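Visitor: Protein sequences, first through last, are from chains A and B. Heads up: the first sequence at position 47 corresponds to 47 in the working numbering, and the numbers run straight through without jumps. Remember, the working numbering sits 547 above the position in the second sequence when you count from 1.
Hints listed in this document are in silico derivations from the structure and should not be mistaken for laboratory results. Watch out, some of these pointers could steer you wrong.
30 angstroms max Cα-Cα, derived DSS-like pairs, lysine-lysine [what the hints assert, rightly or not]:
hint, chain 1, residue 1, chain 2, residue 2
1, A, K370, B, K775
2, A, K260, A, K352
3, B, K917, A, K53
4, A, K270, B, K1023
5, A, K190, B, K807
6, B, K1022, B, K600
7, B, K603, A, K190
8, B, K817, B, K737
9, B, K899, A, K56
10, A, K373, A, K190
11, A, K265, B, K747
12, A, K190, A, K200
13, B, K1044, A, K370
14, A, K497, B, K600
15, A, K260, B, K747
16, A, K373, B, K817
17, A, K471, B, K920
18, A, K200, B, K1023
19, A, K370, A, K200
20, A, K370, B, K600
21, A, K260, A, K497
22, B, K747, A, K200
23, B, K1023, A, K373
24, A, K370, B, K603
25, B, K920, A, K475
26, A, K373, B, K1018
27, B, K1023, A, K482
28, B, K607, A, K373
29, A, K190, B, K775
30, B, K920, A, K56
31, A, K190, B, K817
32, B, K899, B, K807
A few chain B positions that, by computed beta-carbon distances, are all more than 12 angstroms from chain A [claimed, not checked]:
hint, residue
33, F609
34, L781
35, Q837
36, E846
37, E874
38, P890
39, D966
40, L1045
Computed from a predicted structure; not experimentally measured. From the three backbone atoms N, C-alpha and C, an ideal C-beta is built for every residue, glycine too.
Protein chains: 2
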Amino acid sequence: MVSEHKTANANFESLLRIFTVPEGPDSTLTRIEEELSRNLNQFLREHIVAEEKPLKQIEKDFCDARIPDEPVFVSDHTQHLLDTLVAQSVHTASPSFIGHMTSALPYFMMPLSKIMIALNQNLVKIETSKAFTPLERQVLGMLHRLIYGNDDSFYQQWMHSAEHSLGAFCSGGTIANITALWVARNSALKADGDFHGVEKEGLFKAMRHYNYDGLAILVSERGHYSLKKAADVLGIGQDGLVLVRTDEHNRICPDDLQAKITELKARNIKPFAVVGVAGTTETGNIDPLQAIARICQQEQCHFHVDAAWGGATLMSGNYRHLLDGIELADSVTIDAHKQLYIPMGAGMVLFKDPHAMNSIEHHAQYILRKGSKDLGSHTLEGSRSGIAMLVYASMHIISRAGYELLIDQSIAKARYFADLIRAQADFELVSQPELCLLTYRYLPQQVKTAMHQADSSQRAQLNALLNELTKFIQKKQRETGKSFVSRTRLNPICWDKLDTIVFRVVLANPLTTNEILHSVLEEQREIATLAPLLMGRIERLTQQILA
Amino acid sequence: MVSEHKTANANFESLLRIFTVPEGPDSTLTRIEEELSRNLNQFLREHIVAEEKPLKQIEKDFCDARIPDEPVFVSDHTQHLLDTLVAQSVHTASPSFIGHMTSALPYFMMPLSKIMIALNQNLVKIETSKAFTPLERQVLGMLHRLIYGNDDSFYQQWMHSAEHSLGAFCSGGTIANITALWVARNSALKADGDFHGVEKEGLFKAMRHYNYDGLAILVSERGHYSLKKAADVLGIGQDGLVLVRTDEHNRICPDDLQAKITELKARNIKPFAVVGVAGTTETGNIDPLQAIARICQQEQCHFHVDAAWGGATLMSGNYRHLLDGIELADSVTIDAHKQLYIPMGAGMVLFKDPHAMNSIEHHAQYILRKGSKDLGSHTLEGSRSGIAMLVYASMHIISRAGYELLIDQSIAKARYFADLIRAQADFELVSQPELCLLTYRYLPQQVKTAMHQADSSQRAQLNALLNELTKFIQKKQRETGKSFVSRTRLNPICWDKLDTIVFRVVLANPLTTNEILHSVLEEQREIATLAPLLMGRIERLTQQILA
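Let the sequences and hints guide you as you build the complete structure.
Guide: Listed below in structure tokens is the structure:
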């Protein structure tokens, strides 16, 4: 018994070392970290295997649900992580990976993140975050001012007010959108007479009190899928997410929005929120925000703008006009981990009215006491990291001028790529870039002519084959690992709204060069030749149509 | 015009450097990072100012809502961060800060976090996370197995199944609890006949279809405040969160639970979920999970266990019996950023039934396509970081044996502190440690005697003065900066359930020594003498009662 105790104590002493003694300068982990600090791009190039390994095979390295009984050395495990995890991760920072919204990070993010992790603050309350709380409130103030442009006295009054909040930091745009619609729902069904508000009595009693037969959120057909989740979670139901028609530029049609609202009201369904999209996920287009704002004011709807992607455009004096009307929104979502180049996990929602979030305020005894400035009383999440610090640092180190350059260059690059695609006889630009996103597909000239001349049945048939081809090219290109574009499905008006699979390109990585864009097309053209059977079927149908 | 372009290009070239050229070895940021790597504890001790600066004064450094127009140098800004932010942050890793659930981190977390940030994966889909997706699935499998202990073939079948998910990573326990109750709500109000399910048609139609007058979630009086948020967000309403009586050990009374359920049903209110607490936030007590499970089975309620804090206890062969019955839960919340010693932002929810999460499954065109293994189809959040990597690494480097030691030592330390408090004539242990949490207050012997002899009015009066004293001591101790305990309000049965302010202590930091515990009491005793007026009033009332 005594010796057992002694062993336990000795083991504990050695365990304490992982809390008190850093890895030695020669340890694998320190070596890797230094390598990474010296040249991140080289580190990623050297350690991430380019060619794709089938997922089934990767899973073999991660198939044991048992928690190891005995410890392993840090260095051994680090090597294991390099071999199995890092090697098979995605090189999101690669300049030729232009298919998603995650791109390169500025170098200073890495050491600053380490400081953030080492401090391990919890932003839910001041007791575990102190200066991080005013810092986060300032960052929210900065984004609020970027959107709404109020004067200094406004921010003096509200930014650090205990009973108010100009917005909330969230893990991402989804939680930001849910938070905005939560606020909107609670405001639409607020306390009234005997009724104590939806937050207290729930949705069922709220509906009976207000005598509605349903609730609705309206958004364009191109709205983000997180809104469907929001409608589900908030008890509205996905059927309550009403999709509004878009025009040929993927922008909401205000007439259809108005018509849908009128129709809903006639059915005694309350349209309590309209979501304008500022940068659709698939094509980067921006809804006519002013027109939506006018309708929302008239109809007394909450007007939310999902600018998770496009919000950073406000940093550019040259392009912020694209988002005109955003200052009329009741709430706005912006993701700092997208075009503000912050690591994953930094979403925000901002509210025009400093009182708006009171409808979701909550308190608890041991924290978030009434009158405290704890941020946790106005967030959907509880414990949260101090990632606001990275946004704050970027605002100073990159500054507005730097972000303007980044935004402008991304848009310029997208326009360059659009022109390049247009200049190819065998590609079709499907959506033009408004921000730095565009979509296109491989479409040999003869096939294009056939698509135009075909009757509707032939066109659908040919289009289906083209979809298969686009899918094939996209997958093959990803597997080869030289470059990556994503794919999605659109319904272009010019092709009778047929389901059309397209390549989707996001040009936010400042390291992506024009040469890379040329070679992406070149590679796709080559890959097409690797599908002779499919190409043969496309050719035969083309001949048939043109005959 | 030409020269303007030239300038823009030159500026862009210099901006590109922040993406391509790391900080030099002599830069302030590199220097700080190295300092931090060499000796984290010293770094924190040297850079965090111990004595508290009033929040109002800290806010002065964070009062400008304007985004700077011009960039500043990385080094200059780093110095600014050290002076204004780091200096005024909270030393959460300090062994004498025993008031919150955020404590020291193992050293290897810092370099591993940096690799995680540098890889910047997005776990929402495989396209941006590849090997991180199977890794996260394995970590969920490990925690699932820790709770439910199924055999290998179970995990072989389900862990990597595209259409299933054993749980979800979340930013924290709040989102984990919301996710569990979202699943429970959707299952209770699932599609049935003409009705397409609450996720499609919303709560109002669901209630009419099932003919309920209300919904309820039951939890003990000591449940976490996030459940109130969950009830609000999910449209149940906070009134639908029904609080069940607890016994003298802060554990739910099964009889009262059963009585409340019966009463709800008599009112045609559907009790769709019961939450058992495994480690209450304030006192660390564990509900009788087996008894709750029996009631839930009988009443066909979803049984959720909020083990955000206590879940890690399952790692200890010596104490896992405290959570007996957790394996009967339909879902369990565990926070890895608590007793698994992971940096902030790593919550998890696990489901017994691999099909459970199908009720909240969602898909989108460009990602999360049906049949894909994208994790995003089963999470409330969208884009998410690869923090699962840190849990995975800890499971290997610390291992079950190491976690067992950590858990055991924390509980041993709490018992030691409890004995120490009991041995003092002038302190009162208010809640005994079941895990590593306890609460107590400063209560001189004579005052204690008076509390016992007082009539109920005098007792309430004296207790109110003691509350003021506890508050004073806690605040003063925090401000002085040598040590920190938190405070909360309990209603001890032995004091007629009077509102009682207590010191709350969490002993999870492996670096906290017995000496520190002694000096915490010593300091509190001394601080009490700094409130002579208040102490005078307490003494006079005591004399009056004892006279």
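Visitor: For every hint, state whether the structure bears it out.
Guide: Against the structure, the hints come out as follows:
{"no.": "1", "hint": "K370(A) with K775(B)", "in the structure": "16 angstroms, holds"}
{"no.": "2", "hint": "K260(A) with K352(A)", "in the structure": "26 angstroms, holds"}
{"no.": "3", "hint": "K917(B) with K53(A)", "in the structure": "21 angstroms, holds"}
{"no.": "4", "hint": "K270(A) with K1023(B)", "in the structure": "52 angstroms, violated"}
{"no.": "5", "hint": "K190(A) with K807(B)", "in the structure": "28 angstroms, holds"}
{"no.": "6", "hint": "K1022(B) with K600(B)", "in the structure": "13 angstroms, holds"}
{"no.": "7", "hint": "K603(B) with K190(A)", "in the structure": "33 angstroms, violated"}
{"no.": "8", "hint": "K817(B) with K737(B)", "in the structure": "14 angstroms, holds"}
{"no.": "9", "hint": "K899(B) with K56(A)", "in the structure": "24 angstroms, holds"}
{"no.": "10", "hint": "K373(A) with K190(A)", "in the structure": "24 angstroms, holds"}
{"no.": "11", "hint": "K265(A) with K747(B)", "in the structure": "20 angstroms, holds"}
{"no.": "12", "hint": "K190(A) with K200(A)", "in the structure": "10 angstroms, holds"}
{"no.": "13", "hint": "K1044(B) with K370(A)", "in the structure": "22 angstroms, holds"}
{"no.": "14", "hint": "K497(A) with K600(B)", "in the structure": "63 angstroms, violated"}
{"no.": "15", "hint": "K260(A) with K747(B)", "in the structure": "19 angstroms, holds"}
{"no.": "16", "hint": "K373(A) with K817(B)", "in the structure": "37 angstroms, violated"}
{"no.": "17", "hint": "K471(A) with K920(B)", "in the structure": "18 angstroms, holds"}
{"no.": "18", "hint": "K200(A) with K1023(B)", "in the structure": "37 angstroms, violated"}
{"no.": "19", "hint": "K370(A) with K200(A)", "in the structure": "18 angstroms, holds"}
{"no.": "20", "hint": "K370(A) with K600(B)", "in the structure": "21 angstroms, holds"}
{"no.": "21", "hint": "K260(A) with K497(A)", "in the structure": "21 angstroms, holds"}
{"no.": "22", "hint": "K747(B) with K200(A)", "in the structure": "23 angstroms, holds"}
{"no.": "23", "hint": "K1023(B) with K373(A)", "in the structure": "19 angstroms, holds"}
{"no.": "24", "hint": "K370(A) with K603(B)", "in the structure": "17 angstroms, holds"}
{"no.": "25", "hint": "K920(B) with K475(A)", "in the structure": "16 angstroms, holds"}
{"no.": "26", "hint": "K373(A) with K1018(B)", "in the structure": "18 angstroms, holds"}
{"no.": "27", "hint": "K1023(B) with K482(A)", "in the structure": "61 angstroms, violated"}
{"no.": "28", "hint": "K607(B) with K373(A)", "in the structure": "15 angstroms, holds"}
{"no.": "29", "hint": "K190(A) with K775(B)", "in the structure": "17 angstroms, holds"}
{"no.": "30", "hint": "K920(B) with K56(A)", "in the structure": "11 angstroms, holds"}
{"no.": "31", "hint": "K190(A) with K817(B)", "in the structure": "24 angstroms, holds"}
{"no.": "32", "hint": "K899(B) with K807(B)", "in the structure": "26 angstroms, holds"}
{"no.": "33", "hint": "F609", "in the structure": "4 angstroms, violated"}
{"no.": "34", "hint": "L781", "in the structure": "6 angstroms, violated"}
{"no.": "35", "hint": "Q837", "in the structure": "24 angstroms, holds"}
{"no.": "36", "hint": "E846", "in the structure": "20 angstroms, holds"}
{"no.": "37", "hint": "E874", "in the structure": "15 angstroms, holds"}
{"no.": "38", "hint": "P890", "in the structure": "5 angstroms, violated"}
{"no.": "39", "hint": "D966", "in the structure": "18 angstroms, holds"}
{"no.": "40", "hint": "L1045", "in the structure": "14 angstroms, holds"}
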